[in-house]
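Peer 1: Spelled out, the chains give:
Number of protein chains: 2
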Amino acid sequence: MPRDATPTALKVHHDHDRCIADALAAAAEVCRELGARFTPLRRRVLEIVWQSHKPLGAYGILDVLAAEGRRPMPPTVYRALDFLVAKGLVHRIPSLNAFIGCTRPGRRHDGQYLICHNCGTVAELTDEGLNTALGKAARGHGFAVESVLTEAVGLCPACAERRKTAS
Amino acid sequence: MPRDATPTALKVHHDHDRCIADALAAAAEVCRELGARFTPLRRRVLEIVWQSHKPLGAYGILDVLAAEGRRPMPPTVYRALDFLVAKGLVHRIPSLNAFIGCTRPGRRHDGQYLICHNCGTVAELTDEGLNTALGKAARGHGFAVESVLTEAVGLCPACAERRKTAS
DNA sequence: ACTTAATTTGCAACATTATAACACTTCTAT
DNA sequence: ATAGAAGTGTTATAATGTTGCAAATTAAGT
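If you read the protein sequences in the order shown, they are chains A and B.
For the first sequence, this note's numbering gives the first residue as 1, with consecutive numbering after it.
For the second sequence, this note's numbering gives the first residue as 1, with consecutive numbering after it.
Watch out, some of these pointers could steer you wrong.
Each pair may be met inside one copy or between any two copies, as identical chains are not told apart.
What the hints assert, rightly or not - Restricting the straight-line Cα-Cα distance to at most 27 angstroms, the calculated cross-link-like pairs of lysine-lysine (DSSO-like) are: (1) K164 - K54; (2) K54 - K136; (3) K136 - K164; (4) K136 - K11; (5) K164 - K11; (6) K54 - K11; (7) K164 - K87; (8) K87 - K54.
Derived from the structure by calculation, the hints contain no laboratory data.
Build the full structure now, drawing on both the sequences and the hints.
Peer 2: In structure tokens, the structure reads:
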């Protein structure tokens with residue numbers, strides 16, 4: 001994917017099965033490189049998170065697992081999520097208390113999340129220019145930035161279109 | 001205050017009573033302009049939030065009020081906070097589930113929060129350039145940004161100094 | 001001033017999100 | 001094989017946030 005291609009989440013039509021498959025394959029690869037264990041539970045949790053481009057809460061994941069017969073308790077899911085977040089496979093969106101699959105796993109990065117307040121879809125940008133600009137501004141005041149999380153709320157293309165059509 | 005002055009929170013020595021007094025005065029003024037009621041409870045909650053430059057959780061505020069004899073229930077505090085946030089007098093830091101006094105009340109703005117992971121101090125920047133840059137990048141993908149919240153974690157000047165000295 | 005309507009606060013109950021502590025199992029490396 | 005480490009299961013509980021309704025206060029019109 002070119003560096004500034006439009007995030008897949010913002011494309012109305014896309015092969016989402018492909019999103020999931022790619023994410024799982026990339027995750028397996030990342031874990032292999034890091035010598036981390038990509039267990040069935042972790043894999044399944046990641047897969048659930050990737051079911052859509054809308055962030056999913058820990059208890060939402062629990063519900064899905066419960067419906068499958070497995071009846072895990074909260075710590076089980078939180079531990080899997082902690083692992084996935086630590087390995088950079090999943091991001092937590094603090095303002096939503098929810099998790100979303102990372103579209104650039106493997107490399108360390110500070111993302112910008114575009115949250116549609118209409119449909120809930122979240123797309124991830126990775127504009128290093130923004131991060132370095134902030135880092136520079138902060139450094140000017142003596143503050144040493146180590147990580148940045150940016151959450152933008154607005155309207156995604158699909159919802160903007162729908163809104164225009166409806167009026 | 002000049003547009004790019006170093007946030008007071010990052011200054012080791014400053015007259016914090018002045019911070020509080022200024023914030024309360026500014027809040028009264030903002031409420032007057034908006035025709036909103038700056039009730040004793042709201043005023044007291046704002047004052048408590050301003051006790052330091054470290055964000056304070058709703059239940060922390062509850063504890064302070066409880067120690068004063070008043071024994072409010074959670075909704076009371078959350079409503080006061082909702083009001084203060086809605087009027088732009090207080091910001092919520094989602095990753096900390098906590099609230100901090102706004103240093104630029106009155107004008108609508110999207111801030112960048114510099115969170116020290118050592119002492120917990122949070123300073124607020126307001127770099128409109130960063131926001132417009134993000135808005136532009138998002139717009140390029142068809143996403144219409146309406147508000148942005150940026151949380152940067154790192155080391156504040158005081159803690160960086162302390163760390164250097166200690167080693 | 002008096003009444004009405006709207007806003008604010010009090011209060012009880014509850015919903016949601018997250019963690020602590022410890023037991024048990026599974027995997028890995030020797 | 002076996003010891004140690006890592007992962008998972010389970011119980012209980014902590015921390016954060018909300019709903020719904022009643023009482024009190026305030027604002028505005030008469």
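Peer 1: Would you mind marking each hint as holding or not holding in the structure?
Peer 2: Cross-check of the supplied hints:
Taking the shortest alpha-carbon separations for K164 and K54, only the intra-copy value of 22 angstroms comes in at or below 27 angstroms, while the best inter-copy value is 43 angstroms. Taking the shortest alpha-carbon separations for K54 and K136, only the inter-copy value of 23 angstroms comes in at or below 27 angstroms, while the best intra-copy value is 32 angstroms. In this homomeric assembly, K136 and K164 come within 27 angstroms of each other (Cα to Cα) only across copies, at 21 angstroms, whereas the closest approach inside a single copy is 39 angstroms. Proximity of K136 to K11 under the C-alpha cut-off of 27 angstroms is restricted to the inter-copy arrangement: shortest distance 18 angstroms between copies versus 33 angstroms within a copy.
When the C-alpha separation of K164 and K11 is checked against a cutoff of 27 angstroms, the pair qualifies only within one copy, where the shortest distance is 17 angstroms, while the shortest distance between copies is 48 angstroms. Proximity of K54 and K11 under a CA criterion of 27 angstroms is satisfied intra-copy only: 13 angstroms inside one chain copy versus 40 angstroms between copies. In this homomeric assembly, K164 and K87 never come within 27 angstroms of each other (Cα to Cα): the closest approach is 40 angstroms inside a single copy and 30 angstroms across copies. In this assembly of identical chains, the alpha carbons of K87 and K54 lie at most 27 angstroms apart only when taken from the same copy (20 angstroms versus 29 angstroms across copies).
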